[in-house]
Amino acid sequence: MPRYLVQFAQAHNDFRLPELQSIGELLGISVTLPSDLESRDPMRPVMVIDLEVEEHARLLARRCILIKAVYEFYAQGFTYAELHEANKLSQPSWARYIEDTSFRFLVTSSQHKIPQARQKEVIESFSYMGFLGKIDMKNPEINLICFEEYDDRHKTTRVRHEGDGEFREVFFGRLLEEGSARQLIAKFDVKKRAYYGNTSMESEISLLMANQTLASPGKFIYDPFMGTGSMSYPTSHFGALIVGSDIDGRQMRGKGKTPGVIRAATQYGTASRIIDLATFDVTHNPWRCGELFDAIVTDPPYGVRAGAKRLGRKKELPDYKKELCLQHTLNGRPDDQPYIPPTKPYELSHLAADLVVLGRYLLKPNGRLVFFLPTVTDEYEEVDIHTMLCEGMEVIANSLQDFGSWGRRLVTIRKTTLEKYPPPSFDPTPEIDANSHIPAHKDFREKYFQGFKSKTDEFNDGASLSDP
Amino acid sequence: MVRLITHNLLACHAKDCNTNNFPLAFKDVQLEIREAEFNPEFLRGFLPKLEWTALVDTAKQLGDTSLPVEQPEMLDDEFLKNLHHVLLEIHVEEGSMTCPNCGHVYPILNGIPNMLLAEHEIG
Numbered sequence: 007m008p009r010y011l012v013q014f015a016q017a018h019n020d021f022r023l024p025e026l027q028s029i030g031e032l033l034g035i036s037v038t039l040p041s042d043l044e045s046r047d048p049m050r051p052v053m054v055i056d057l058e059v060e061e062h063a064r065l066l067a068r069r070c071i072l073i074k075a076v077y078e079f080y081a082q083g084f085t086y087a088e089l090h091e092a093n094k095l096s097q098p099s100w101a102r103y104i105e106d107t108s109f110r111f112l113v114t115s116s117q118h119k120i121p122q123a124r125q126k127e128v129i130e131s132f133s134y135m136g137f138l139g140k141i142d143m144k145n146p147e148i149n150l151i152c153f154e155e156y157d158d159r160h161k162t163t164r165v166r167h168e169g170d171g172e173f174r175e176v177f178f179g180r181l182l183e184e185g186s187a188r189q190l191i192a193k194f195d196v197k198k199r200a201y202y203g204n205t206s207m208e209s210e211i212s213l214l215m216a217n218q219t220l221a222s223p224g225k226f227i228y229d230p231f232m233g234t235g236s237m238s239y240p241t242s243h244f245g246a247l248i249v250g251s252d253i254d255g256r257q258m259r260g261k262g263k264t265p266g267v268i269r270a271a272t273q274y275g276t277a278s279r280i281i282d283l284a285t286f287d288v289t290h291n292p293w294r295c296g297e298l299f300d301a302i303v304t305d306p307p308y309g310v311r312a313g314a315k316r317l318g319r320k321k322e323l324p325d326y327k328k329e330l331c332l333q334h335t336l337n338g339r340p341d342d343q344p345y346i347p348p349t350k351p352y353e354l355s356h357l358a359a360d361l362v363v364l365g366r367y368l369l370k371p372n373g374r375l376v377f378f379l380p381t382v383t384d385e386y387e388e389v390d391i392h393t394m395l396c397e398g399m400e401v402i403a404n405s406l407q408d409f410g411s412w413g414r415r416l417v418t419i420r421k422t423t424l425e426k427y428p429p430p431s432f433d434p435t436p437e438i439d440a441n442s443h444i445p446a447h448k449d450f451r452e453k454y455f456q457g458f459k460s461k462t463d464e465f466n467d468g469a470s471l472s473d474p
Numbered sequence: 147m148v149r150l151i152t153h154n155l156l157a158c159h160a161k162d163c164n165t166n167n168f169p170l171a172f173k174d175v176q177l178e179i180r181e182a183e184f185n186p187e188f189l190r191g192f193l194p195k196l197e198w199t200a201l202v203d204t205a206k207q208l209g210d211t212s213l214p215v216e217q218p219e220m221l222d223d224e225f226l227k228n229l230h231h232v233l234l235e236i237h238v239e240e241g242s243m244t245c246p247n248c249g250h251v252y253p254i255l256n257g258i259p260n261m262l263l264a265e266h267e268i269g
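Protein sequence lines correspond, in order, to chains A and B. Take 7 as the starting number for the first sequence in our numbering and just add one per residue. Take 147 as the starting number for the second sequence in our numbering and just add one per residue.
Any given hint could turn out to be false.
[As the list claims (entries may be wrong)] Straight-line C-alpha distance at most 30 Å; calculated BS3-like pairs for lysine-lysine: (1) A:Lys-140 - A:Lys-161; (2) B:Lys-206 - A:Lys-263; (3) B:Lys-161 - A:Lys-328; (4) A:Lys-197 - A:Lys-144; (5) A:Lys-350 - A:Lys-459; (6) A:Lys-320 - A:Lys-459; (7) B:Lys-227 - A:Lys-370; (8) B:Lys-195 - A:Lys-426; (9) A:Lys-327 - B:Lys-161; (10) B:Lys-173 - B:Lys-206; (11) A:Lys-321 - A:Lys-448; (12) B:Lys-161 - A:Lys-370; (13) A:Lys-320 - B:Lys-206; (14) A:Lys-315 - B:Lys-161; (15) A:Lys-350 - A:Lys-321; (16) A:Lys-263 - A:Lys-193; (17) B:Lys-161 - A:Lys-321; (18) A:Lys-370 - B:Lys-195; (19) B:Lys-161 - A:Lys-426; (20) B:Lys-161 - A:Lys-350; (21) A:Lys-263 - B:Lys-173; (22) A:Lys-261 - B:Lys-173; (23) A:Lys-74 - A:Lys-193.
[Said to hold, decoys possible] Covered, in the sense of this in silico footprint (three residues per stretch, anywhere, with C-beta under 8 Å from a C-beta of chain B), are these stretches of chain A: (24) 223 to 230; (25) 262 to 268; (26) 291 to 300; (27) 313 to 323; (28) 333 to 347.
Since the hints were derived computationally from the structure, they do not count as laboratory data. Where a beta carbon is used, it is the ideal one built from N, C-alpha and C, also for glycine.
Just chain A, same shape as in the assembly (with noise of 0.2 Å):
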């Protein structure tokens, strides 16, 4: 199969790869990754992977956020002579521009900038190609790039140029398209947005998030905390029909009669594809049946910026209080409406489990749940966010956004059930025996305002509290 080089953009290394395979499978692309774990590690700038043809390239290029450009694939080598030797051997990919093509070559790297000298004499390395073709470096038929991998030395002082040609592989390819979907990323900036509130999410990670769920024309997609609307102007934009509900209408609607959610849509000229906005909880949804969406995608609120809340008193009232309320609610007094009906605190691991219950309820088949979950790096594990998975619901990827102490995961959950599950019940969980597992992200509102103390932390300033 021909092969291609992937070139990356510099940020959210770890949501490559499942970007990578999500465009893949929405555009019935079959993207072969690497076999060797080295080469397909994504934390490196570029990476091999196969195609079936060019063209496939060129639409990933398009659709992925974090491509920065593809090349056909002629040789990797650690060594110059080792990369020439494989580039001889891809002569017939090459031959084709021997005789008249225009071309322009560059010596490119990633974290370090070559010294123009050694820049030439790379190219001159390259001589035996025999291109006949003119060189011109404003509008050349093809671009010839040679690509040396440099470790990442970021934030490490270095005199310039040191460890120049100590690179880990070196690449060569010819450009096909350079990434086109990053564009997106100012289009949709938030400061430029009509209407957006302190917790709307950055463009570029909503962007990856809607390509997480596959939108596409058609799509049905369903956000449960919609809040200012953000996960709704990328996937709109892709083509797909958005629903969303909060449980506070206020940060959808704004200020003014038209609601903020759509005057930002109709900046972006998808107003027409945010089907409806509702106000309800999700615990207490009006939501008919289910199957209804292709996907379910949401930041829910974690506590820092806004607390999730959900229908309910933190405390139960004496029953007659409660009767009093009734009657009040029952026979509102003029100057007191809208009714605002009592909420209490939605604590995250309930949410987080309940969101993946929801989502085996509301999504069709094949459907995708795609969510943030924060959590606190020194006490995350693998198996926390196994213990909000419930059976049909299977974990396709899982992303870290990393702050140091704390992280936000991007977690992407297949319903891969075909069976019909009854609505969720939202019943709080049953408190959680001392043997099962309790997950980093639990009571993560109280861990963050604490500074994520470890427990070690905390016994040793109980210690220096008792000292006399």
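Given the coordinates of chain A, assemble chain B onto it according to the supplied hints.
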């Protein structure tokens, strides 16, 4: 907003309101017609999810009689265009939806229905 596609998927969810809780009845509505993209594939895929009689009756109530009483077997272009208009282009901007069983009124303000339940209506 509150398009008929959404209306067809919403049932009253108050505590113990489990039968005859659908469809919610529109009252005092202000309508707007807004164009939407026609996607026959989407409509075909969505058809099995619809409660047909509820859709036809509600459309009629809002003044659109283009849909046949029985869901046709042959989905021709004209039918799909009518279905598209009813499901996606009629927007209820103001008014309310009332549960036929328990009488709960869900008000619609600026196109967004408030479907929150009162304290005594949750389990």
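### Query
Hint by hint, which ones does the structure fall short of?
1, 4, 13
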